[in-house]
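J.: From just these sequences and the hints, can you work out the full model?
From first to last, the protein sequence lines stand for chains A and B.
All residue numbers in the first sequence are consecutive under the working numbering, ending with 336.
All residue numbers in the second sequence are consecutive under the working numbering, ending with 255.
By construction, these hints were calculated from the structure, which means they are not laboratory data.
For each residue, glycine too, the CB sits at the ideal point set by N, CA and C.
Warning: the hint list may mix true and false statements.
[Said to hold, decoys possible] Cut-off 25 Å, straight-line C-alpha distance, at most; resulting in silico cross-link-like pairs (DSS-like, lysine-lysine): (1) A:Lys132 to B:Lys93; (2) A:Lys260 to A:Lys238; (3) A:Lys5 to A:Lys260; (4) A:Lys135 to B:Lys146; (5) A:Lys5 to A:Lys26; (6) A:Lys5 to A:Lys132; (7) A:Lys111 to A:Lys126; (8) B:Lys93 to A:Lys128; (9) B:Lys93 to A:Lys135; (10) A:Lys132 to B:Lys228.
[Claimed, not checked] Derived DEER-like restraints, expressed as beta-carbon distance ranges: (11) A:Ser121 to B:Leu25: 36 to 42 Å; (12) A:Lys126 to B:Arg2: 57 to 63 Å; (13) B:Phe79 to A:Gly131: 24 to 30 Å; (14) B:Ser18 to A:Gly106: 26 to 32 Å; (15) A:Lys132 to B:Tyr140: 46 to 52 Å; (16) B:Lys228 to A:Lys132: 51 to 57 Å; (17) A:Gln310 to B:Gly185: 52 to 58 Å; (18) B:Met48 to A:Lys132: 56 to 62 Å; (19) B:Ser235 to A:Lys208: 47 to 53 Å.
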Amino acid sequence: MITVKDLTKRYARTTAVDHISFSVDKGQIVGFLGPNGAGKTTTMRMLTCFFPPTAGTASVSGYDVLDQPLEVRRRIGYLPETPPLYLEMETIEYLRFVGRLKGLNGAELEKRVAFVIDRCSIGDVKTKLLGKLSKGYRQRVGLAQAIIHNPDVLVLDEPTSGLDPRQINEARELIRSLAGDHTIILSTHILPEVEQTCEQVIIINKGKLVATDSVQNLQARARGAESLLIEVGGPEGKFAAPAVQQQLERITGISRVQMKQQFTTGAVFEIESVSGQLVRGDLARAVVSGGWDLNELRPSAMSLEEIFLQLTGTPAAATEAAAAPPAEPPAPEAQA
Amino acid sequence: MRNIWIICRRELNSYFTSPIAWLLLTMYSLIFGYFFWNLISAFLEMSMESQMMGQMQPMNISEQIVRPLLANTAFLEIFFVPLISMRLFAEEKRNGTIELLATSPVRDMEIIVGKWLAALLLYVWLLVFTGLNFAFLFRYGHPDIKTMAVAYLGIILQGGALLAIGAFISTLTKNQIIAGAMTFGACLMLWIFAWVTSYNSSTWATVLSYLSVLPHSESFGRGVIETKDAVYYLSAIFLGLFFTSRSMESLRWRS
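T.: Right, dumping it as structure tokens:
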């Protein structure tokens, strides 16, 4: 549906997008992930034919953005970061205008306008001035104008930015529900959004493609070793966290035990096991046989956040890496 | 063609849903009315004087009222064109709606012509209101309707040319005030360029005065359509719109 090859955008001094290639299949939701200034908006603007690429090609539904921009625009619905609303217009009047602009007219226009009003639940504000709408409604009207001509591809630039938590959920649900009919690219720098909404994720940083994969694969890939969180408890006064730690470190297949939290009647440890080893049963037995209580045992999945920092190598990850070595010395092999 | 009309209609609606159009109409009618009243009073004074002196001087409504009035109208344009054109693109750039237009299946030129046409129609609408004053003249006298029509045509052409320049300037900035001020400056310059010929007759002075709108409006004011003046206005319109489209294209490359 969308094919991008070596797409590049250079400005006078900077290269905003640097040889990016990816492709998106029909009906997919793809998350376009990157820190602010990574080149997300620039890429989207090239896809929507707002401006042409400096080099490389991109095609939407088989039409090239350079050679047939009008055909591409006919097939794309675009919601820029700030919804492009004429504040002095009424909602329905605005939707009719956009519909006409995209080539609809007559009965079909009215049908589509009614459809998107229903789909985006903006019936309440149909005859209100756009300037009087709340941020959440504006975003929905923005989405409504993007889908009015039933485009093959939807390009959404940070569709949930500036919304409150409830509105964010509503917006995400709405976007997910649109996925069947449209291929969707949405950009964001909020990771849970990608985890919740997207099937596929494209990570870019400083204009370069960092990774493109399914959300699950990416998590699995970055995880490597499975890590678990375990909370162990014991009677007040008799509980000694170091003893528990030693006990846990003796279990085969465990590469690292790190105490996360300690209180008078228990402690939380993070446990890393060698890849592929199932250690949960052994952990539980070790705790119980040591006379302690097993309060909690759960996998601590690496969040996309951590994956992201790992892949983009932003300062947060660097400081984490720098802080890690001193904590390492009571190393796995010694005790194993 | 259809797209031009879609853009134009929205633009006109937005002039009339915001106070701009109404404000301009009020101001324009007041100022024009004042000019009209002034000229009529002077004309009446003169006709009374000539009656008292017993000797009839030649009095001519077309020459003594209509022509100076329409010359004033052409001058008023310098002030009103910037107010009409300043928002054309600057507002869209500020609101981000330019992104909607630029990613819709319409050509840049359709957007530009649509917007320019809307501005011109608003200007014509202002002129229509001035027609009310002339209705009085027709009630009580016999001004030459053909001369008047040609003069109006000249004013509309001049308005179109200045509005095209204003549209171009509006693409250069997000700030309407800046666009308005620059357009006002440009219009005023185009007006006063002609003054140079009063003391200088070198080649560059002639060129400068040819660039000015002032000498080109005279023939229309007399009720004569001169080809060279019509060509001047039409090429100014074309050039203004052409620069606007170049500017929009560079907007795409830079932004």
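J.: Each hint needs a verdict: does it hold in this structure or not?
T.: Structure-based check of each hint:
Note on Lys132 (chain A) and Lys93 (chain B): the hinted pairing holds, with a Cα-Cα distance of about 20 Å set against a maximum of 25 Å. Of the pairs offered as hints, the one joining Lys260 (chain A) and Lys238 (chain A) holds, with about 20 Å between alpha carbons and a cut-off of 25 Å not exceeded. A hinted pair counts as satisfied when its Cα atoms are at most 25 Å apart, and Lys5 (chain A) with Lys260 (chain A) does not qualify at roughly 45 Å. Under the criterion of a C-alpha separation no larger than 25 Å, the hint pairing Lys135 (chain A) with Lys146 (chain B) is inconsistent with the structure, at around 56 Å.
Between the alpha carbons of Lys5 (chain A) and Lys26 (chain A) the distance comes to roughly 17 Å, so the proposed pair stays at or under 25 Å and holds. Between Lys5 (chain A) and Lys132 (chain A) the alpha-carbon distance is near 42 Å, which puts this suggested pair outside the 25 Å criterion. Distance hint between Lys111 (chain A) and Lys126 (chain A) is fulfilled; the C-alpha atoms sit about 15 Å from each other, no more than 25 Å. With a CA separation close to 23 Å, the supplied pair Lys93 (chain B) and Lys128 (chain A) stays within the 25 Å bound.
This hinted pair checks out: Lys93 (chain B) and Lys135 (chain A) have alpha carbons roughly 20 Å apart, not beyond 25 Å. Between Lys132 (chain A) and Lys228 (chain B) the CA atoms are separated by roughly 51 Å; this puts the pair beyond 25 Å, and the hint is violated. The supplied range of 36 to 42 Å is met by Ser121 (chain A) and Leu25 (chain B), whose beta-carbon atoms lie about 40 Å from each other. Restraint check, Lys126 (chain A) to Arg2 (chain B): a C-beta distance of roughly 25 Å breaks the suggested window 57 to 63 Å.
Roughly 28 Å separates the CB atoms of Phe79 (chain B) and Gly131 (chain A), a value that falls within the hinted 24 to 30 Å. Taking the beta carbon of each, Ser18 (chain B) and Gly106 (chain A) are about 29 Å apart, inside 26 to 32 Å as hinted. Checked against the given bound of 46 to 52 Å, the beta carbons of Lys132 (chain A) and Tyr140 (chain B), roughly 50 Å apart, stay inside it. For the pair Lys228 (chain B) and Lys132 (chain A), the supplied restraint of 51 to 57 Å holds, since their beta-carbon distance comes to about 52 Å.
Distance hint check: the CB atoms of Gln310 (chain A) and Gly185 (chain B) are about 56 Å apart, consistent with the given range 52 to 58 Å. A hinted range of 56 to 62 Å for the beta carbons of Met48 (chain B) and Lys132 (chain A) is consistent with their spacing of about 58 Å. For the hinted restraint 47 to 53 Å between Ser235 (chain B) and Lys208 (chain A), the CB-CB distance of approximately 48 Å keeps it satisfied.
The structure does not agree with the numbered hints 3, 4, 6, 10 and 12 stated previously, though it agrees with the rest.
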